[in-house]
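Peer 1: Please put together the full structure from these sequences, using the hints given.
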Amino acid sequence: MRPRPPLEGRGIFSGTGLIITGLAATVVALLVPLWSYADRPDTASAGVLSARTVTTPFGPLSEQDRDFITKVRLAGLWELPAGELAEREGTSPAVRTAGTHLVDGHSSLDAHVRTVATQLGIPLPNEPNEQQKQWLATLGAARGQDFDRRFAGILRLAHGRVFSLVAQVRAGTQNSLVRDLADDANATVLDHIKILEATGYVDFAALSRDLAASAPPVPPPPAVAPGAAVPVTPPPSVTGAPPTSSP
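Going by UniProt numbering, 204 is the number at position 204 of the sequence shown; the sequence numbering is gapless.
Since the hints were made in silico from the structure, they are not lab data. Treat the numbers as computed from the prediction; the structure is a model and nothing was measured. Hints are not guaranteed to be accurate.
Unchecked claim - Calculated lysine-lysine pairs in the PhoX-like style (CA-CA distance at most 25 Å, straight line): (1) Lys133 <-> Lys194; (2) Lys71 <-> Lys133; (3) Lys194 <-> Lys71.
Peer 2: Set out below in structure tokens:
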């Protein structure tokens with residue numbers, strides 16, 4: 001019979017083998033999930049992107065782009081009739097001129113937005129929303145200088161709200177058709193803002209309050225821990241004339 005190895009040696013090798021086996025099993029357990037998911041697409045993120053942004057021949061079309069196109073159409077559906085009211089009911093040449101600017105501007109802009117919507121496959125509304133219908137009803141019931149004041153106030157407020165949206169869309173859109181539409185809308189809205197202010201009936205104090213009340217809240221700045229703040233050392237101040245070198 002062959003002599004058995006000492007018990008001490010068998011215990012050492014046996015214990016070492018168990019440790020190595022345990023470590024190998026742990027590594028496999030950690031790596032298998034990584035291997036199994038490494039080639040899988042991030043379906044959750046892909047679903048969010050596909051729901052909000054679609055690919056078009058003119059560039060990506062975002063949810064904000066589609067909302068902007070819809071709002072341009074809605075603006076024409078009520079501001080053009082409001083302009084026609086001003087042409088008939090305005091008591092001053094300035095109010096009637098403002099009405100003509102609204103009719104001309106939104107006739108052109110509405111044709112543009114309908115062309116863009118057709119190219120991008122976006123359905124458009126065919127009537128104003130409830131708020132816009134109320135504004136039209138208010139203007140339709142007013143007469144004389146009361147109409148002039150209401151017309152200038154309501155239309156200037158509406159244009160002030162949409163002006164910031166146009167700038168936001170123009171700055172961020174990746175779609176060339178939406179960029180062109182935003183350029184057109186920006187020029188049209190700015191012209192209408194100026195011509196409405198030229199009526200002399202815009203109450204800027206009330207306008208400022210109404211715009212502030214309808215603005216989205218500004219989020220607070222992120223908190224910075226005291227230890228994370230880095231003091232800024234001001235540069236040394238320079239006083240007097242620079243020293244001259246000795247000859």
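Peer 1: Against the structure shown, which of the earlier numbered hints fail to hold, in ascending order?
Peer 2: As far as the earlier hints go, not one is violated by this structure.
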